[in-house]
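Colleague: One-letter residues, chain by chain:
2 protein chains.
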Amino acid sequence: MSSDFDEFEMIERYFAPLAEGEPGAFGLTDDAAALAIDPGKHAVVTMDAIVAGVHFPVDENPQTIARRLVRVNLSDLAAKGAAPRTYTLAMALPEATTSAWIAGFAQGLAEEQDKFGITLLGGDTTRSRGELMLSLTMIGEISDKSMILRSGANIGDGVYVSGTIGDAMLGLALIEEKINTSDEVADAYLVDRYRTPNPRVEVGLGLLGLASAAADVSDGLVADLNHICRASRVSAEIELDRVPVSAAAQLLVTDNQPLRLSLFSGGDDYELVFTAPDNVSEQLQVLAAQCGVGLTRIGRIIDPDVQPSAVSVLDSNGKQLEAGDGGYKHFHRRGSR
Amino acid sequence: MSSDFDEFEMIERYFAPLAEGEPGAFGLTDDAAALAIDPGKHAVVTMDAIVAGVHFPVDENPQTIARRLVRVNLSDLAAKGAAPRTYTLAMALPEATTSAWIAGFAQGLAEEQDKFGITLLGGDTTRSRGELMLSLTMIGEISDKSMILRSGANIGDGVYVSGTIGDAMLGLALIEEKINTSDEVADAYLVDRYRTPNPRVEVGLGLLGLASAAADVSDGLVADLNHICRASRVSAEIELDRVPVSAAAQLLVTDNQPLRLSLFSGGDDYELVFTAPDNVSEQLQVLAAQCGVGLTRIGRIIDPDVQPSAVSVLDSNGKQLEAGDGGYKHFHRRGSR
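These protein sequence lines map, in sequence, to chains A and B. Each residue of the first sequence is one higher than the one before, starting from 252 at the first, in my numbering. Each residue of the second sequence is one higher than the one before, starting from 252 at the first, in my numbering.
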């Protein structure tokens, strides 16, 4: 760690203020934190780590890194219908880390705390001999037994996604200069969709009691729907033309069918993919309007004895494009769940 | 990550079995885990990260790394009097990581789970571009409001430590060949004390209701007692000759007074330093006998208005050796809490 700051001073100055709302954090001065969960509630726990050069560029600004770290974890809670509450944070900081970087990172965390109503509970700081690595454990709350699992999908349920699919993959391709458009506004939109995930916390809370199963789209639409199918022991059929694509993405994929198909396997959208019985479709429309987020029916859950391929993608003629457990696996970009 | 394994296969094969005892882990197949805390109990949460080349040698064997990772976290729970229950784990794995390494690491975790009665709850796996980094969030349980804090020390309390102090520092110095003895048994003992921390979980549980404040000795005896003093707004006085030193350490420090003094600032002992009123001294003796661990009174808590230096160390003539908040700070070896 750079010699321009001392660890205790750093915690006291930049991180202790982030823990003020959680009395069990003891101002980050103790060995551990106390966490009281209200009777009748469960804690919901998720953990995601991000590494410089793997999940974000090594020169990414610290606020953006803080946002990403918090939001990828919030997205997991959203998929379970849990209300975010508190988090612990481990940082492995390269030697060259400056006070200015720490200040920016803490400022980013403060903004996320305000936006999502969460508070820092504790953590650990250590040196890294290599790149920056950050690990966050997010704890949410949920009423007893109501958590939305991956394993609850039933044959006949509709398959839905929130928002639009594939933007983040195109945003990353733009950053890496693998593709380009002549539309600066569209480019900026897609890059922002990659850099700043928008976890669907409000949608997730609204899906409690409506969705039979859910996951967040972090590995890619087909991969994450596949996780639901495996856990639920069912298959799914989705229709290419129904998968919602943003106007910005349309500019890129309209005349490029391979790129259009690749949107289904692009990760990092942090939208929700979920299943729900048809008798709640009106309630889903109300929820979509309340949250200002599209909830689009893209297919249905089918009998695995009839169609053993976990996820089938149908073109506009109802013809199966590519299918099977491993069908889209080769697009997998990274090893994170 | 090495191409000789797939992330999902790795989780299913090596890590899902570690989660079998915790139904809310859903076999590690969901986005998040559910954790029910019994009414009348609090969760106690701690997080520690360890990095290759910082906290252990880069070529350390995976079982030893697993042990260290679990135990440094258990030591934090022990200092609070919490009963260990479950943990989440984030791994950033270098490209060269092999299946054999993963198998050894998971085996190490399995042994710790058996020994300490804990179960894997969830986690994340990602690539590292540099060294191996591991981060663990440990969750324990405790009855309402009984947690031992750093902030509870009162003037007149005795200051105690468990076990012996300074072994780990000497063990590390032996590994780094900065010192040597001619006694192989003693050397092996000290090196093992560094490599395999022995968290004082049973002692911590027994200290509930007896200790007024506690911390684990991870940064060093003086530094960690200093944390208690700062949180409790008191000072402390410890007597050099009362600090328990192992027979193996005696061989090295008897004729080396500077080395002997440095034991007080050596980290990684993972013993407990705690304070307790004199009227529980008999109960502490019973606890020591029950646990088979020495609990030694090394000093007392004093009025900060009389002695503003947080921690004073007295020699056999009652003369103050070195004192003050920053007195031993220059010995600090690493930036982890």
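In case anyone wonders, no lab produced these hints; they're calculated from the structure. Treat the numbers as computed from the prediction; the structure is a model and nothing was measured. One should not assume that every hint holds.
Same chains, same label: a pair holds when it works inside one copy or across any pair of copies.
Under the rule of at most 25 Å between Cα atoms (straight-line distance), these lysine to any residue pairs were calculated in the SDA-like manner [said to hold, decoys possible]:
1) Lys292 / Thr280
2) Lys570 / Glu427
3) Lys292 / Gly275
4) Lys292 / Ala334
5) Lys292 / Val309
6) Lys429 / Arg380
7) Lys570 / Gln534
8) Lys366 / Ala540
9) Lys570 / Asn431
Colleague: Against each hint, give a clear statement of whether it holds in the structure.
Modeller: Results for each hint:
{"no.": "1", "hint": "Lys292 / Thr280", "verdict": "between (28 Å within a copy, 22 Å between copies)"}
{"no.": "2", "hint": "Lys570 / Glu427", "verdict": "neither (33 Å within a copy, 66 Å between copies)"}
{"no.": "3", "hint": "Lys292 / Gly275", "verdict": "both (18 Å within a copy, 13 Å between copies)"}
{"no.": "4", "hint": "Lys292 / Ala334", "verdict": "both (11 Å within a copy, 21 Å between copies)"}
{"no.": "5", "hint": "Lys292 / Val309", "verdict": "neither (40 Å within a copy, 42 Å between copies)"}
{"no.": "6", "hint": "Lys429 / Arg380", "verdict": "between (31 Å within a copy, 22 Å between copies)"}
{"no.": "7", "hint": "Lys570 / Gln534", "verdict": "neither (31 Å within a copy, 77 Å between copies)"}
{"no.": "8", "hint": "Lys366 / Ala540", "verdict": "within (20 Å within a copy, 52 Å between copies)"}
{"no.": "9", "hint": "Lys570 / Asn431", "verdict": "neither (31 Å within a copy, 74 Å between copies)"}
Comparing the model with each earlier hint shows violations of hints 2, 5, 7, 9; every other hint is respected.
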